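Using the hints, position chains G and L against chain C.
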Amino acid sequence: MAGLNDDAQWIVLMGFVVSFSLFFLAMLLNQSTLVGQTTAEGVLDFPKNDVRDVKDVITESVMLYTSGRDSPSNATVVQLDIESLALSRKNAVVGYTPIDEIALPTSSDKHTRISIHYNNGVTEYNEYWTSL
Amino acid sequence: MVNDTGQLYTIEGIAAALIMLFSAYLVLSATSVYTPGDTHISDMQLEQLGTDALRMMNTPINSSSAKSPLQEIVETNNATYFNETFLNYVNNKTELKTDNLHYSAVVTYRNITNGNTTWNYPLSSNRNLTGGEHPVRVTEWVLANIQAGSNVKQNRAILVEVLLWRD
Amino acid sequence: MTDNAGTLSIDFLAGFTIFLIAFIYVATLIPGLFIGLQSRTIDYDAVAYRTGVILVEDPGMPYNPSWENLDDYHKGEVLRFGLAVSKDTPNILSSQKVDRFFCTTWTYPDDYRSRVIFGNYPYMFNISFQPAGSNLTRSIGDDPPDEYGYIRRVVKIKGISNASIDDSTIQTYKFNSSDNVTTDVFSIHLNFTNLLEDEPNPAYQINPYNDQIMVNVSGMNAKVIPIPPITAPLPTNLTAIQICRSKPISTNLHPPVVCFANFTSPIVDNNQVDLPYPIENNLSLIIPPGFITTDLADANTQLYFNLTFDHYNAGILSEEKGYLNSTGSGPFEYNYDPKNITLPKLQDGVLEVSVW
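Chains as they are written, first to last, in our numbering: chain C, 2 to 133; chain G, 77 to 243; chain L, 1219 to 1574.
There's no promise every hint is true.
[Unchecked claim] Only pairs whose alpha carbons sit at most 27 Å apart, straight line, appear in this in silico BS3-like list of lysine-lysine:
id: 1; chain 1: L; residue 1: Lys-1563; chain 2: G; residue 2: Lys-143
id: 2; chain 1: G; residue 1: Lys-229; chain 2: C; residue 2: Lys-91
id: 3; chain 1: C; residue 1: Lys-56; chain 2: C; residue 2: Lys-111
id: 4; chain 1: L; residue 1: Lys-1563; chain 2: G; residue 2: Lys-169
id: 5; chain 1: L; residue 1: Lys-1563; chain 2: G; residue 2: Lys-173
id: 6; chain 1: C; residue 1: Lys-49; chain 2: L; residue 2: Lys-1305
id: 7; chain 1: C; residue 1: Lys-56; chain 2: C; residue 2: Lys-91
Just so you know, these hints were derived from the structure itself, not from any lab.
Keep in mind it's a predicted model, so treat the numbers as computed, not measured.
So that you can see chain C by itself, here it is in the shape it has in the complex:
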């Protein structure tokens, strides 16, 4: 040990100190910077408006059919429209109760009930919708 030259110890030690302190500072400051970016990404990723919008158009079409203002064949055309456009343009699988399976309202039960399904690969949404 006596023969080893320890003149460069300080340089190496200072090197360690500087690099570790830089690392530590950057880690600390780094934590806070991701907050807003991931929030904005989270908002963009979650399909809130897509789900609301597709649910609105599905219920509008179903209510047109059950109130008699639209024929079953026409309502089926709209159903195919929604399902294929959602898949090709919105990258989402959308499905709802086929028109011929929807029970028309009677005097004892005025409500219309359907089941809505939405899946865009990241978020899945299922709902049993009853009209007011």
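Frame of chain C, contents of chains G and L only:
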């Protein structure tokens, strides 16, 4: 001839340099430069504004059984009315200030006579897309009585797609 | 042994040079660490977005009875502000909620921070609202500095319904009886089953619990022609507003109408007045939002407001053709018929939230 007296110095110098370079690399690769991150926030603001505007255009004014303005626009293909209403919604701020947003809108539909493929036609725009803008895409489903990709005029579900960007 | 020759060994120089080059290179990279560290601005946008969603897409808490109908004394019971008419109608705001939100009862910033901004950090904020076609921008809070988080929402505001009764309405419904009577009774009928079921969408519904009921009568000419020796015409007085209702129960689906209370200080001509109140030409009656509670009338009730006009003035009965009398023709229906009522319309608006 070669003297190995200074080996330790050199090795220690190289080791110190390598340590510093390596930790600096670790630290810097962990932070990202914020310019791309910022666009997520302005994208989110634009997307929320665009969907709000389209949603309000698709709300009937008087009662739930009436037609909404957007339904009438699609049925009559009225580009000027769409232009006026949409720009109004999207550019108005409080205290009578205005923003400077531009858009390009198309109507997408399912073409029944052509193998159920998806076609579109332009609805309205206030500026042509040159490719240098950073637009956001917002959409709105509309149930409209039109003849699109079929032989009859009937109630169809179409998608109004709008590309929205800021200058 | 230390060398005092004044020269450094080549090996030391080489080692030190390598070290110094590396150190200088790293030192020049340090400013890059701080390029994007605007954490505050980024966080502000997230808080502004969240506040925008809470205001525009949420109806607030408590929802039933609605928070805007709580008076100043109970303001501590308001847990969260929300301007939407209901949770099923996002972006459609209720004008009563907007008015109450911008009321001076709430102090900036504390009352708002705990009810709409949330979070531990004391954010400063500015919430501004402008209806379309109006120069007036309502706002809460200070002016924003150079860097702030921001969101803008496009909304519609649900208007107020009102009934306008003028000469033609009176002729159509035969509300003027031609008999000489001392008192006239005019009845306004609220059929809750019809009101709530004919238009189930809260954005277009006349909701008597949360909206105000307004009746404007014009052209009454309700002056009592005196018998001489009195020469000046005397006014007719609105003497009472009775609240009557018919609430079906399981055993009797069509029970009789029972009058059980008096509306003692109504809002007539935009002021809270005491009865009897003199009427000349016009009458504007407002039943304020929150007055009709679910105890008073549930979803199956028929509610009647009977207005009594007294022509018996200072002990002098005179000739007067009965004006605004619904006893013969049936009560005035406050429903969705556009001949009777101006329906609530949706008006555009824009809401901006800035946070810093």
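Q.
Check the hint pairing C/Lys-56 with C/Lys-111 against an upper bound of 27 Å on the C-alpha distance.
A. holds, 20 Å
Q: For the pair supplied as a hint, G/Lys-229 and C/Lys-91, confirm whether the alpha-carbon distance does not exceed 27 Å.
A: Satisfied, since the Cα-Cα distance of roughly 25 Å is no more than 27 Å.
(Q) L/Lys-1563 and G/Lys-143 were given as a pair; does the straight-line alpha-carbon distance stay at or below 27 Å? (A) Answer holds: L/Lys-1563 to G/Lys-143 is near 14 Å, not above 27 Å.
Q) Are C/Lys-49 and L/Lys-1305 close enough, with their CA atoms no more than 27 Å apart? A) holds, 14 Å
(Q) Please verify whether L/Lys-1563 and G/Lys-169 have alpha carbons no more than 27 Å apart. (A) Holds. L/Lys-1563 to G/Lys-169 sits at ~22 Å (cutoff 27 Å).
**Q.** Straight-line alpha-carbon gap C/Lys-56 to C/Lys-91, limit 27 Å
**A.** holds, 14 Å
Q. Are the Cα atoms of L/Lys-1563 and G/Lys-173 separated by 27 Å or less?
A. Roughly 25 Å separates the two Cα atoms, so the pair holds.
Of the hints listed earlier, there is not a single one the structure fails to meet.
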